[in-house]
Amino acid sequence: MSFGSGTIQNSQGYDNVLQVAGQDHAKIISHSADGITAGLYTNDTWQGGAGFVGTETNHDLYFITNYVPQATLTKTGDLRMLSAQAALRFQENGVEKFILGDHSSGNDALAIWNRKNDAIRLATNNTERMTISANGHVGIGTSQPTQKLEVDGTIKTQGIQFADGTTLSTANLLSGSGVTEMDGLVIDPNGVHNQLVPGTAATINGAVHISHQNAVPSSVNFNG
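Residue 228, in the numbering used here, is where the sequence shown stops; the numbers in between run on with no holes.
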């Protein structure tokens, strides 16, 4: 059925079940007794000319399937997904490529899921800041990480824990003025107390260079 075309026409074609034609604009409006107004619009000039669906009054807009609300566009502009496993799913030629939201049933964690053999990139101020490559490498400050974690920049940390459970919280053991002892190896940055405690040993693979501006000739003894 067609309105606004000069004569009422009752087309049986799928492309013209109900048509509302306007000179420049057209709309179908629905009113409720409590003053809620929603509609379907076309406009040749508003927003540069476009089609619109929404409310004319200060109310939320719901999207439903099977008479069950699935998503809401609130009157303040928030988009809320209401289903149990809500997610935004992006497809390319009918094939799902990217998921933002719940990935599967029973999993309440937020998923950022890239099904393509490609990276996930995070950016701020129109500049890429962080990359998760297709093979799982994470790069901060670099878009081509070659290790599990690669950072191009300065890292501030309270300490580094190694596989044996020990934690390193000082980067340079030879800095400062104090004396440091590790497993019987005494290190003094002033070159006064450098020694191996009797009954202990230090294993060093590679060349050893010992120098200090106040160093005095000494000896190194090897057993074996």
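Keep in mind that the hints were calculated from the coordinates and are not lab data. You may find that some hints are simply not true.
Simulated DEER-style distance windows between Cβ atoms [claimed, not checked]:
(1) L86 x G140: 53 to 59 Å
(2) I40 x W117: 34 to 40 Å
(3) F67 x S147: 56 to 62 Å
(4) K79 x I164: 18 to 24 Å
(5) R119 x S147: 16 to 22 Å
(6) E96 x N70: 44 to 50 Å
(7) K160 x L114: 43 to 49 Å
(8) A25 x T131: 44 to 50 Å
(9) N139 x A88: 52 to 58 Å
(10) T171 x N139: 41 to 47 Å
(11) A88 x G43: 28 to 34 Å
(12) T171 x T128: 21 to 27 Å
Quick caveat: nothing in here was measured; it's all calculated off a predicted structure. The C-beta atom is built at its ideal place from N, Cα and C for all residues, glycine as well.
Results of checking the hints against the structure:
1. L86 x G140: 53 to 59 Å: violated (33 Å)
2. I40 x W117: 34 to 40 Å: holds (38 Å)
3. F67 x S147: 56 to 62 Å: Roughly 37 Å apart at Cβ, these two residues miss the hinted range, so it is violated.
4. K79 x I164: 18 to 24 Å: violated (50 Å)
5. R119 x S147: 16 to 22 Å: holds (21 Å)
6. E96 x N70: 44 to 50 Å: Violated, at about 27 Å.
7. K160 x L114: 43 to 49 Å: violated (26 Å)
8. A25 x T131: 44 to 50 Å: holds (48 Å)
9. N139 x A88: 52 to 58 Å: violated (33 Å)
10. T171 x N139: 41 to 47 Å: violated (29 Å)
11. A88 x G43: 28 to 34 Å: holds (31 Å)
12. T171 x T128: 21 to 27 Å: Once the Cβ atoms are compared, 32 Å apart, the range 21 to 27 Å for T128 and T171 is violated.
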